[in-house]
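There are 2 protein chains.
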Amino acid sequence: MGREMIHFEKALEIVLQHAVTMETERVSLENSDNRILATDIHSDIDMPPFHKSAMDGFACRLEDLKLELSVIEDIPAGHIPEKNVSQGFCSRIMTGAMLPDGADCVIQDEEVDFTVDQKVRFVGTRKPYNICQKGEDMKVGGLVLQKGTLIHPAHIAVLASVGAATPEVYAMPRIAVISTGNELVEPEHFPPKGKIRNSNAMQILAQAKRLGCDAIYAGIAEDDPDATREIIASATSDADIVLLSGGVSMGDYDFVPAALEDCGYTIHFDSVAIQPGRPTVFATKPGKYCFGLPGNPVSSYVVFEIFVKPLIRKLTGGRVEEKGVFAMMKGDYKRRNTARKSFIPVQFSADGNVKTVDYHGSAHIHAITGADGLVAVEIGSSGIADGEKVYVRQI
Amino acid sequence: MGREMIHFEKALEIVLQHAVTMETERVSLENSDNRILATDIHSDIDMPPFHKSAMDGFACRLEDLKLELSVIEDIPAGHIPEKNVSQGFCSRIMTGAMLPDGADCVIQDEEVDFTVDQKVRFVGTRKPYNICQKGEDMKVGGLVLQKGTLIHPAHIAVLASVGAATPEVYAMPRIAVISTGNELVEPEHFPPKGKIRNSNAMQILAQAKRLGCDAIYAGIAEDDPDATREIIASATSDADIVLLSGGVSMGDYDFVPAALEDCGYTIHFDSVAIQPGRPTVFATKPGKYCFGLPGNPVSSYVVFEIFVKPLIRKLTGGRVEEKGVFAMMKGDYKRRNTARKSFIPVQFSADGNVKTVDYHGSAHIHAITGADGLVAVEIGSSGIADGEKVYVRQI
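Chains as they are written, first to last, in our numbering: chain Z, 11 to 405; chain S, 11 to 405.
Bound-form chain Z, shown alone (with noise of 0.2 Å):
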């Protein structure tokens, strides 16, 4: 391979500028959850619809408070009013109904007294009004979300209240994952000596799936150029992204490359400046996307949150930077190497610090579990002081 080793921005950018904008689709709002506008969304109607209550209480006329009005309807919500409120009377009206014609306020129910022949008489001390004005949350043809939104459930019932049934999002790109190495057998399998379990694939799979998309396991492809190239060119007719796990170190049992190159794909990079993820490898061909991404759990955690993600936000049209937070750093932390950005995984403690966890390198498959975000340590920094704000990129 022997490409130059290039900085994580760069390495980013180079991932973006290739990312194609996939075709967009209509969902129910069952299955909107999760999914990135195409459109801007306006409203078909004004919302409130029409004055209404915001109280149980009586409707009358504010110049009328001072009077013992007669109770002529009755107003439950979702009822069209049938008579008009004029001087001495009133409606009874409930949470969410319509105001009646004549009617400018709605006395509580906290605020009424009865008089010995029923008739509502205002107690309160403060002039009422208890209205919610057609219109006022919004007006017909008024924007109510944007393209690129992605959505979460309080955008669905926004979605739902303007009419946006079947809103149109971006289709999701199909994930395929592969794992590699000799050295693999399944989870369900205890490894004879010499091996070890495939932890890497079921992990890949449940971050794709978080984000949405549909993901499948192509399985382990061994090491051997044909097989290797032949589960590259059945995943890549599966799927837009194809994602390898380990097999992609510097060594010479390495045939993902020439595989790759096989199957059409152009190799962009294949080391980063970055710890851990430094061996990761980004090619494309027209409408197709690969990593391969780091043989141990962590570093591939990694890559996914800091290469695929971004792509996959990309592709469907969303925001590509994740919006984190920052916290004070709880504790000394301290590196030698400062050749590299490194992703520092981190922890809230209950007063909103953060501290590093237990972190003895790459391999160190415990790492992740216990961290709330990542903290990034750029080339040339040695490390975070105790107190420093930092910016918690969560996961």
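Treat the hints with caution; some may be incorrect.
Since the list gives no way to pick one copy over another, a pair counts as held whenever it fits inside one copy or between any two copies.
No more than 20 Å apart at the CA atoms, straight line, and that leaves these computed lysine to aspartate or glutamate pairs for EDC-like [claimed, not checked]: (1) Lys295 / Asp368; (2) Lys157 / Glu332; (3) Lys203 / Glu146; (4) Lys333 / Asp234; (5) Lys399 / Asp361; (6) Lys333 / Asp382; (7) Lys144 / Asp368; (8) Lys219 / Glu40.
Treat the hints as calculated values from the structure; they're not laboratory data.
Assemble the complex: chain Z is given as a structure, and chain S must be docked to it using the hints.
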């Protein structure tokens, strides 16, 4: 109804007191994400399972570093070395491969020169080691994950590596969502005069599914005692948790409490000193839980987060408290009415501070879509001052 309004903390305590932990089941690793472990997980192997090379290079004896070494074997990852390394010899070894007997260090490729007769000569300046010791990360029988752990993709890698291929997890409660109110039409219809769209049901389903629950929509209950009782009875037989949206204000047109009691439920509270979410109802019968959620989407969203989610966590053996973050409030937040505990939507700014999102009351449907979290304002407090440190419950 007329039960007394209770404090949030008391209400949450009542909810959690009634939670009876679900049964357990085994799932495949592929289906284990977002589930909660029902047992401690111990390793069935040493990790690494053998002394392994941390580098591509040459395995030899530390005492031979000054010698020219003949290469006797090639050891790729996954192979078992066939030869012992003795004085004057070395084996070519790849990252992750098993160290041959006799060797106690690996010289990395970058620190090797070859003699004319292809012997290996160490040219580094620092004594090499480059070995991961057997059991360095984990010993056989060691505790790797604790009962109650909420499984995240990184945990899946750990489960895979120790052979927990079908971990035992708590069953997820099945959820049924019922919307109530004559005023509702489904999102695909344009609401006739006096009606509004049902914006809550799909939001609640999405919130439940994000927690890994199987959630079904039972439809809109007519505002009628028999229909309300029937739909609640049917949802109760289909699900563990019944979530009613709307229909639980203090109004005259509210058939829910009576219907719940007819279905055998005991109502524990129907009014909580929170804003939004005051008219929240909680009822149980053996093995069944029911919430009446407020009718507007913002209130419903918040009440799900602060009551339903903790119930689901408790039922499934998980940690009830969400791990939030701390941030600095930018700008004052003031309120007049201090009688209830408020949950106000806030947004992170790029510098890690939070500000309140534009929010004019619980009917304001957009308030939550722009929010990154909720900040609690306690009873008696008139707000949050600019610069105050606040705890943000992320959403």
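Results of checking the hints against the structure:
no. : hint            : result
1   : Lys295 / Asp368 : neither (40 Å within a copy, 46 Å between copies)
2   : Lys157 / Glu332 : within (17 Å within a copy, 31 Å between copies)
3   : Lys203 / Glu146 : between (71 Å within a copy, 17 Å between copies)
4   : Lys333 / Asp234 : neither (42 Å within a copy, 46 Å between copies)
5   : Lys399 / Asp361 : both (14 Å within a copy, 10 Å between copies)
6   : Lys333 / Asp382 : both (14 Å within a copy, 9 Å between copies)
7   : Lys144 / Asp368 : between (57 Å within a copy, 19 Å between copies)
8   : Lys219 / Glu40  : both (17 Å within a copy, 10 Å between copies)
Going down the numbered hints, you'll see the structure goes against 1, 4, while the others check out.
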